[in-house]
Amino acid sequence: MDAAVFLISAAIVLCGAGGVLVARNPVHAALFLVQTLFGVAVLFVLQDATFLAAVQIIVYAGAVVILFLFVIMLLGVDRAEDLGVEPIVGQRPVAAVVGASLLGLLLTALLVSVDGPTGARGANAPLGDAGDNTRRLGEALFTDHVFAVELTAILLTVAVVGAVVLARRVHGPLAPLPVVVVASVVDDHADDGPPDDDPPDDGPRDIDGVPDGADGGADT
Amino acid sequence: MVVTTSWYLALAAVLFSMGAVGLLVRRNPLIMIMCVELMLNAVNLTFVSLGSDLGDLGGQLSVFFVLVVAASEVVVGLAVIVAIMRRRQGATADDLSVLRG
Amino acid sequence: MVDLVWLIPAFPLAGFLILTFGGRRLGEPGAGWLATGAMAGSFLATVGVFLEMSGRDGHDRRSVTTLFEWVPAGDLTVDVGFLADPLSLTMCLFITGVGALIHLYSIGYMHGDGGFRRFFAYLNLFAFAMLMLVLGDNLLITFLGWEGVGACSYLLISFWFTDEANASAGKKAFITNRIGDWGFMVAIFMTFSTFGSIAYVDVLDTTATGTVATSTATFIAVMLFVGAIGKSAQFPLYLWLPDAMAGPTPVSALIHAATMVTSGIYLLTRVNPIIADAADWVPTLIAWTGAGTALFAATIAVAQRDIKKVLAYSTISQLGYMFLAVGCGAYVAAVFHMVTHAFFKALLFLGSGSVIHGMDGDQDMAHYGGLRRLMPITAGTFVIGWLAIAGVPPFAGFWSKDEILAFAWNENPLLWLVGLVTAVLTAFYMTRLVILTFFGRRRYADPRPDEVEAAWASATAAADAAVAAASAAVDAATADAEARGDDLTALEAVVAARDAHEQAVAARDGILAAAGARPEVEAIALEGAPDVGPVVDGLPEAVSSRADHHPHESPWTMVLPLVVLAALSVLGGLVQLPFAASTRRLEHWLEPTLFGNEVHLSLQGGTLWVLAVVAVAGGAVGILVAVLAYLKRRVDYRVFERPILAEAWRLDRRVADFMGGPGRVGFEATANFDSSVVDGAVNGVATMVRSEAGLLRRFHNGLVRTYAAGIGVGAVGLVVWFLSRTSF
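Chains as they are written, first to last, in the working numbering: chain B, 1 to 220; chain H, 1001 to 1101; chain S, 2001 to 2728.
Calculated from the structure, these hints are not laboratory results. Heads up, a few of these hints could be off.
What the hints assert, rightly or not - Here are some chain S residues pointing at chain H (derived, C-beta under 10 Å):
(1) 2704
(2) 2705
(3) 2715
(4) 2717
Stated by the list, open to error - Over 10 Å on every C-beta distance to chain S, these chain H residues come out as not near it, computed from the model:
(5) 1001
(6) 1004
(7) 1007
(8) 1087
(9) 1093
(10) 1096
(11) 1098
(12) 1099
What the hints assert, rightly or not - Part of the chain S face toward chain H, derived, beta carbon under 8 Å:
(13) 2510
(14) 2662
(15) 2700
(16) 2701
(17) 2703
(18) 2708
(19) 2712
Cβ atoms here follow ideal geometry from the backbone N, Cα and C, with glycine treated the same way.
The following block holds chain B by itself, in its conformation from the complex (with noise of 0.2 Å):
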């Protein structure tokens, strides 16, 4: 029965991120995204960890990716990209020797060893069943790890702060980005979403639509 579970998770996971991976329109990538993190949810629950099972889904698949769309929606990134040209040399080679590398010695060190991979335990509380499991996180965060708690904490506020100051709207001309031979080579004519009005290289240009440099900025 388990196994059963697991090999279904399994694929869904997969095919998750295989989706991600040649997905060219963001929001599919987004979308592949969620059923990723939803197979992962189930498989946390396979292992008992049924609050951070319910995390995963409210939070990363709930907050994050919602984040994401968010974010394509209103910048208009949802070109798809050309994925059969690779303007930098040799990264395509370099990135499947690097993946297969990574897998054959990941898998190595799991399959050829003698008593499978290792582990200590730490000074942490011992695992309960899936019943009390949200009782013994929270006792233990609260107690043990109370510390690093409030320090995530901050960390959440500071993410917060940086994000609005690195998001704000700035008055004034902005420095456009110098142009460069490695251009970007998005597909202008992407034969799915709404056909645009603008075309790309126009110079800098708002979120709003309204044309910025209303006080004649500098262009290129």
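Starting from the known structure of chain B, fit chains H and S onto it as the hints suggest.
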């Protein structure tokens, strides 16, 4: 057939490799971040598996923190992408080469 | 008191610093008095140290006072320290003593000069460097002083540098010295590599035990000799000294007579154990170089008309005597002659400066004559100096020169012969100088050859002009007569014009005949004033103004040092009289510094007397011939003053041609080698780094994905490494 820890770890390894390959191959910055998410998920799976294998809560605790940090990382990363994308539509990771020597 | 030996160079150094940084307020005589005071203080310090040192026992007379460690560089440690021993104290005594007198003299000599303060600053700096040279306790401090005196010599020779010739003379001195300095430096390197130290105490004591290889000692000795001949103006590095007379006369007296040029002999005397351990041909080389240079310079001095040039070549000649003494192993005689030479040569230079001062800067002896009545004290002291250098007993020069000749005979009779001939020539040219300057008829009011030539030229030109005017008048009168017909007055005017024309032609012919028959103007008019004849009115203004202006005696600041030096020239011989062991004071005093390397005279007392008599007779012959030629005019002086001698055997010209021609090719090759190979190697390293960096920066394409790929490859590498360390 008993599902041993090795199976989970193998799955995590595959997922991780796929995420790495995707990070190297894709040019759209959002999809690159998604690939990073894949890798992080693989790591989370590894933690949980080994934690349950050893009967230690530490695995799940680690996942908790990884989740928090990943979330904040995504937030900041997306904010950066927003800031960059404003300047040019359709910019990809290859356009951000101001640091070239 | 001996511990305060550092005071000796400290006084002039303080003087230099005060004059350089605060001297503007001191003004003209103040700066001079400050500098003289500094030298006087230094002299008093020297006397104090000397008195204490002479109160000690013979073998206790060596004291090293270290101030601080200067160069701590691994195996090489060089301290700034002073070695107070008999040799250095002897040098300090006459350097500070004669130096103080020359400073006093300069206050009068440089009166009114715009660079008064600068002059005394340089003089004090020079004194500091010279004292460091002789007091230094290791070769590097000596070299510091060596270079310092060379630099000050350059500064002082080209003191009036706005004149191109003076600047060139300074440069020539510096560059020629530099060639010698190369030898000195190589010797220092070799000394360090042989002994592991360059302090005199270590080097000389080790050498005196006889453990140094002959080849090493020979090499060091020869290199030091090269340095010495550069500084002491021996052949072939003597060329700078005559040109150095372009500097003010006190500079010539101090630097190029009494002190700087003696540093070469000081150096060789200091390292006498190394010379003793060197091969036998090294002292012979030194002796022959000295003797040859002495004779060579003496022949040139015979024909010079510039009073300072005579003294310059005389200095080269006397330095040759000192080298001869060193080469014969007679270190005491060399130091003795150095001391007496400092006295009488400084006296002669200062006296000549007084004459030049009185003659308003004219240095040509052809224009002197009969000055002894006009400048009596100068003349009197100069005569004493002349007697000293000519080797007339009982003046100082006789004793020292005779010592050297005795040792030369002991070494090789040929050397003695060369020394004797040089002594004869010395007596001759010095007598010539004295007669031309102070005796005979007064020539300063005579018209000079170029002025006479100018007068004749202007007279003939005037006569030609008169003839031309007269013929023009004839033409005018004729034309006028023809125009007016046969008017009687017009015809008479024509006749008168023709008569006037004939007279003008006759006058011009007369002038031309007189010009053709006029006697040649002598270079030195010993007989009488040149017969100018009919053109006496055509002489330039300068002649009559010279006749009105009379040379005068110099102020007391210039005359007092002359008197003191004259007294020393008379009494200087007392330090080393050869009669008995007790009178050889200098020899006893210098004994600890000689490590027993002083050659013993193996001559009988009778031989010494004969040598002395022959030397005195030779000097008398020289004096007599000069008197006959210049005073009595029985012999034509032009027999002696050959043009080739006046041109110093044309060697200077040959050296200049060589250096400008083939020499220049070599220099440019060396310069090119330096810039292309040496600099090229250094710059090439930098260029190589840049080009490699240029290649490597291609890897930085700024693309995130490339960097991510790099991280991925690195991660794979790490995993491989970790896996390789596990066992399966």
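Evaluation of the provided hints:
Annotation: interface hint on residue 2704 (chain S) holds; nearest CB of chain H at approximately 5 Å, less than 10 Å. The criterion of a C-beta within 10 Å of any C-beta in chain H is met by residue 2705 (chain S), whose closest approach is roughly 6 Å, and the hint holds. Residue-level restraint check for residue 2715 (chain S) holds (minimum Cβ-Cβ distance to chain H is 8 Å; threshold 10 Å). Look at residue 2717 (chain S): its Cβ only gets to about 14 Å from chain H, farther than 10 Å, so that hint breaks.
With a minimum CB-CB distance of about 25 Å to chain S, residue 1001 (chain H) clears the 10 Å threshold, and the non-interface call stands. For residue 1004 (chain H), the condition that its CB be more than 10 Å from all CB atoms of chain S holds, with the nearest at approximately 18 Å. For residue 1007 (chain H), the non-interface assignment is confirmed: its Cβ lies about 20 Å from the closest Cβ of chain S, beyond the 10 Å cut-off. For residue 1087 (chain H), the shortest C-beta to C-beta distance to chain S comes to about 16 Å, beyond the 10 Å cut-off, and the non-interface label holds.
For residue 1093 (chain H), the requirement that its beta carbon stay farther than 10 Å from each beta carbon of chain S is not met, with the minimum near 5 Å. Not every C-beta of chain S lies more than 10 Å from that of residue 1096 (chain H), the closest at about 6 Å, which undercuts listing it as non-interface. The beta carbon of residue 1098 (chain H) is not kept farther than 10 Å from every beta carbon of chain S, the shortest such distance being approximately 6 Å. Not every C-beta of chain S lies more than 10 Å from that of residue 1099 (chain H), the closest at about 4 Å, which undercuts listing it as non-interface.
Against a cut-off of 8 Å between C-beta atoms, the interface hint on residue 2510 (chain S) is violated, since the closest Cβ of chain H lies about 98 Å away. For residue 2662 (chain S), the interface hint is violated, since its Cβ never comes within 8 Å of a Cβ in chain H; the closest pair sits about 53 Å apart. Because the closest C-beta pair between residue 2700 (chain S) and chain H is about 4 Å apart, less than 8 Å, the hint holds. At a threshold of 8 Å, the smallest CB-CB gap from residue 2701 (chain S) to chain H is about 5 Å, leaving the interface hint in force.
For residue 2703 (chain S), the shortest C-beta to C-beta distance to chain H is roughly 5 Å, which falls under 8 Å, so the interface hint holds. Checking residue 2708 (chain S) against chain H by beta carbon gives a least distance of about 6 Å; that is within 8 Å, so the hint holds. Proximity of residue 2712 (chain S) to chain H holds as hinted, the smallest CB-CB distance being about 6 Å (cut-off 8 Å).
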